[in-house]
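Engineer: Sequence:
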Amino acid sequence: MKNYPFQKIEKKWTSFWIQKKVFQPDLKKAKKPFYNLMMFPYPSAEGLHVGNMYAFTGSDIYGRFMRMRGNDVFEPIGLDGFGIHSENYAIKIGAHPMKQARVTEKNFYRQLLMIGNGFAWDNRLETYDPEYYRWTQWIFTELFRAGLVSRKKSPVNWCPSCKTVLADEQVISGKCERCDSEVVKKDLEQWFFKTTKYAGKLLDNLDKLDWSEKVKIAQRNWIGRSEGALIKFAVVGFKSPISVFTTRPDTILGATYLVLAPESAVIPDLQKKIKNWGEVKKYVEKAEGKSEAERISEERAKTGVELKGVKAINPVNNMEIPVWVSDYVVEGYGTGAIMAVPAYDERDFAFSEKFGLPVVKAPLIPKEQAIKQIKAKKTVEYRLRDWLISRQRYWGPPIPLVYCEHCAEALKRMTPKQAATKGWTKGEIENSGWIPVRAKDLPVVLPYVKNFRPTGSGESPLASLKNFYEAKCPRCGKTGHRETDVSDTFLDSAWYFLRYPSVNDKSLSKRNAFDPKLTKKWLPVDMYLGGAEHAVLHLLYSRFLTMALKDLKHIDFEEPFTVFHAHGLLLKNGAKISKSKGNVINPDDYIKKFGADAFRMHLMFLGPLEEGGDFRDSGIVGITRLLDRVWNFALNFKPGRRTGLSEWLNSSIKKITKNISDLRYNVAISELMVIMNKFSERPDEVTKKDFETFVLLLAPFAPFMTEEIWQKLGNKPSVHLKSWPSFRESAVGSGSFEMVIQVNGRVRDRVEAEAGIDAKEAEKIALGRPKIKTLLKGAKPIRVIFVEGRLINIVA
RNA sequence: GCCCAGGUGGCGGAAUGGUAUACGCGUACGACUCAAAAUCGUAUGGGGUAACUCGUGUGGGUUCAAGUCCCACCCUGGGCACCA
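Here this note's numbering is used: position 123 in the first sequence is 210, and no number is missing along the way.
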């Protein structure tokens with residue numbers, strides 16, 4: 088028994104594949120394009136995490152399978168190396184992110200080459216490459232011009248450790264998605280993408296997508312659609328009413344007070360009427376300073392202050408009811424004001440209990456009737472918020488806007504309509520004075536800044552560079568100042584899949600973010616694989632951006648990923664892998680020791696890809712044993728005579744094909760083991776074709792060894808471009824089967840029977856068995872159930 | 001609290017309502033060896049000498065037949081969380 092010399096063979100085929108561009112499809116001429124993609128990694132750590140290897144291998148096996156099934160598979164790779172994660176890592180190790188990027192890039196590509204994936208290396212991209220981010224900035228300006236970007240002052244999430252604002256999606260249970268610090272609220276003016284404009288479409292389209300169900304559910308919950316009504320409550324002695332949103336207009340008779348969010352603009356408006364203004368002001372200020380975590384830690388104990396002197400009128404019965412302010416009502420959802428119905432709402436009930444407010448169990452009215460009676464307006468509300476895109480950091484694409492006072496002044500002298508006819512864009516009119524940099528002047532290059540660390544002042548480090556922020560207005564040419572914030576990393580990754588097909592054509596890249604023809608041919612992505620943790624981050628942002636780009640007529644589809652599957656989590660000895668636990672697995676060590684094929688197969692054998700697996704060192708020998716056996720079988724192979732083995736192989740091909748399609752690679756591998764066991768038992772019955780079939784079935788899992796064996800068998804490389812073995816759906820009914828004989832549902836006997844027999848014949852055989860005779864003691868069967876080719880059950 | 005996913009040998013995990021524990025790890029014994037490793041072979045859910053019997057988180061139910069379907073509950077993992 089010889090050990091498989093993986094080092095030599097891996098080296099040989101790695102260079103062969105690259106030289107011959109085996110996995111580089113002709114993007115223009117491909118007949119059956121299949122875009123197979125795994126979420127690209129962010130190179131923030133020492134090297135590729137074993138979790139990345141796990142996911143990439145899972146994706147690659149699918150890609151190789153689809154290639155052998157006759158598709159032109161495009162499997163690109165790149166790095167998401169721009170942004171806060173890479174910058175934080177650079178800070179941690181005391182390097183400059185611009186220099187560090189080159190170091191990590193080299194290491195990541197080395198590792199990604201090692202695992203033997205069929206990547207289209209010519210199309211790789213890095214998000215920090217100015218040739219890439221010029222188009223990230225271009226997308227920003229396109230959305231800006233179309234009125235999908237707005238500058239708003241609002242209470243936003245601020246991470247005190249990362250010293251920047253964050254989007255809602257990047258706050259996980261009150262903590263920063265990157266560094267786990269508690270996030271606080273700050274009132275700041277920031278740039279937002281209007282994701283809420285697409286809330287309805289983002290939700291409705293989910294039904295049409297072939298995605299992991301849990302991810303769709305997470306998105307549905309995040310978007311949070313509620314049908315309800317807006318109800319106006321007049322305020323005694325005040326001109327404008329207070330508008331509330333409710334999903335239960337039918338409970339209006341039980342509405343005994345109103346509650347406003349502390350941030351509600353209605354409160355300052357009512358200042359003159361509020362008799363206890365000092366107390367109210369104090370409460371509002373305190374509530375605004377609370378962090379998310381603080382609000383949670385208070386276990387929902389209700390606090391609040393009555394706005395004394397303010398009375399609202401319940402429109403259904405004209406009762407005067409008090410108005411309160413409390414932080415259990417949130418600004419930014421509905422109108423930031425509610426009607427409290429303590430008899431029908433738990434939270435309102437708790438509040439009433441605490442402050443001794445009346446609980447009126449009033450009769451309910453049918454919803455439609457209630458809406459009509461109080462002249463309410465039916466509406467749909469979404470939980471989804473706009474995407475906060477500004478970051479007060481260094482390592483990202485500068486937001487390509489210039490503020491120009493002259494243009495702001497000019498706009499003031501026009502109505503929006505007039506401005507529009509004069510060629511001002513929607514975004515420029517909405518955000519007076521802000522002018523996007525023209526496409527031909529992009530990219531706005533990120534300058535080298537020695538002191539790149541975040542300042543914490545609410546401004547990016549770029550704000551300290553006069554020669555950066557001083558800029559000519561793209562519209563009037565007078566001196567203005569640049570926006571100095573950079574954009575969110577998630578914007579970089581929200582469109583990279585659009586860029587891949589177009590990336591290697593350098594002449595093209597100067598003109599287009601994505602070539603229309605190539606985009607039409609290759610997109611949307613046919614198979615996307617990645618982590619479920621991106622359910623409401625990357626996956627939602629990408630969907631939004633794709634919809635926006637479609638509406639701007641840059642692409643002709645609105646969903647980026649036709650199929651998406653989430654891979655599971657890889658554990659080590661039952662525990663989560665983390666640096667703090669010290670159980671990090673370095674893939675390099677394993678590949679060096681066992682070879683890439685063994686490492687790939689070991690990872691995939693742990694469990695179904697979508698459920699993850701538990702990595703234990705002990706298990707890998709099962710795979711190396713298999714590979715050594717295959718290798719030795721190949722070395723000693725002498726073609727055998729054709730027998731029943733070929734027939735039996737048919738069902739194995741069928742099983743393996745089905746299990747790969749379902750991403751159940753663990754079961755496919757076990758079936759490969761079954762075949763090898765059978766081959767070892769009866770080596771002189773294995774024909775050349777049988778063995779070649781096996782090699783083809785093994786190829787997606789062990790790309791290096793199978794390539795070598797394929798050549799040893801006298802075939803031309805590459806095995807990975809050959810056709811997947813075919814199979815017949817139904818087994819040919821020949822020979823015999825083991826018939827199980829049950830009595831009252833219990834297995835009592837087994838007998839070899841002819842394949843084609845019917846129920847009557849089966850019954851005759853069964854009743855003739857001595858064991859069954861004894862059991863029945865002469866009793867006549869009440870009923871006999873026969874399952875063809877499997878079993879017979881005698882009910883007595 | 002709500003919403004998902006899941007509880008199967010010592011372990012990772014298989015099982016179109018039809019032979020529970022495939023495949024692999026581990027363990028035991030045997031072969032080879034001076035010996036060990038590697039490799040190969042055999043066995044391996046519990047109880048029982050055996051016939052047999054009990055077994056897929058718990059308790060019910062449907063069915064000729066339930067790990068699989070239905071009802072109730074327990075536990076674990078994940079997500080959301082004062083969204084009116």
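There could be a bad hint or two in this list.
Unchecked claim - What follows is a list of derived Cβ distance ranges for each label pair: (1) Thr-334 <-> Ile-869: 53 to 61 Å; (2) Pro-450 <-> Val-258: 38 to 46 Å; (3) Gly-876 <-> Asn-764: 41 to 49 Å; (4) Asn-194 <-> Thr-334: 50 to 58 Å; (5) Thr-542 <-> Lys-240: 16 to 24 Å; (6) Glu-133 <-> Ser-268: 30 to 38 Å.
As the list claims (entries may be wrong) - DSBU-like, lysine-lysine: derived pairs with alpha carbons at most 30 Å apart: (7) Lys-301 <-> Lys-239; (8) Lys-504 <-> Lys-281; (9) Lys-119 <-> Lys-608; (10) Lys-284 <-> Lys-98; (11) Lys-509 <-> Lys-537; (12) Lys-281 <-> Lys-637; (13) Lys-98 <-> Lys-776; (14) Lys-240 <-> Lys-608; (15) Lys-513 <-> Lys-459; (16) Lys-303 <-> Lys-775; (17) Lys-799 <-> Lys-98; (18) Lys-607 <-> Lys-559; (19) Lys-775 <-> Lys-799; (20) Lys-360 <-> Lys-398; (21) Lys-809 <-> Lys-301; (22) Lys-776 <-> Lys-303; (23) Lys-464 <-> Lys-398; (24) Lys-273 <-> Lys-119; (25) Lys-319 <-> Lys-559; (26) Lys-116 <-> Lys-725; (27) Lys-559 <-> Lys-179; (28) Lys-513 <-> Lys-441; (29) Lys-240 <-> Lys-362.
Read the hints as simulated data drawn from the structure, not as lab findings.
For each residue, glycine too, the CB sits at the ideal point set by N, CA and C.
Engineer: Holds or violated: Lys-98 and Lys-776, Cα atoms, limit 30 Å.
Structural biologist: holds, 28 Å
Engineer: With a cut-off of 30 Å on the C-alpha distance, tell me whether Lys-464 and Lys-398 pass.
Structural biologist: It holds: about 22 Å lies between the C-alpha atoms, which stays within 30 Å.
Engineer: Hinted pair, alpha-carbon criterion (30 Å max): Lys-360, Lys-398. Please report holds or violated.
Structural biologist: holds, 10 Å
Engineer: Given the hint that Lys-273 pairs with Lys-119, does the C-alpha gap stay at or below 30 Å?
Structural biologist: With Cα atoms ~52 Å apart, Lys-273 and Lys-119 exceed 30 Å; violated.
Engineer: Does the structure keep Lys-319 and Lys-559 at a Cα separation of 30 Å or less?
Structural biologist: Given pair Lys-319, Lys-559 is violated - Cα atoms ~48 Å apart, limit 30 Å.
Engineer: Is Lys-281 within 30 Å of Lys-637, Cα to Cα?
Structural biologist: Distance of about 15 Å is within 30 Å: holds.
Engineer: Check the hint pairing Lys-303 with Lys-775 against an upper bound of 30 Å on the C-alpha distance.
Structural biologist: violated, 47 Å
Engineer: Against the 30 Å threshold, does the CA-CA distance of Lys-504 and Lys-281 hold or violate the hint?
Structural biologist: holds, 22 Å
Engineer: If I claimed the Cβ atoms of Pro-450 and Val-258 lie 38 to 46 Å apart, would that claim hold in this structure?
Structural biologist: Given range 38 to 46 Å: holds, Cβ gap about 41 Å.
Engineer: Check whether the Cα positions of Lys-240 and Lys-362 lie no farther apart than 30 Å.
Structural biologist: This hinted pair holds, its Cα atoms lying about 28 Å apart.
Engineer: For the pair supplied as a hint, Lys-240 and Lys-608, confirm whether the alpha-carbon distance does not exceed 30 Å.
Structural biologist: violated, 42 Å
Engineer: Take the C-alpha atoms of Lys-607 and Lys-559, compute the straight-line distance between them, and say whether it is at most 30 Å.
Structural biologist: violated, 37 Å
Checked against the numbered hints given earlier, the structure breaks hints 3, 6, 7, 10, 11, 14, 15, 16, 18, 21, 22, 24, 25, 26, 27, 28 and satisfies all the rest.
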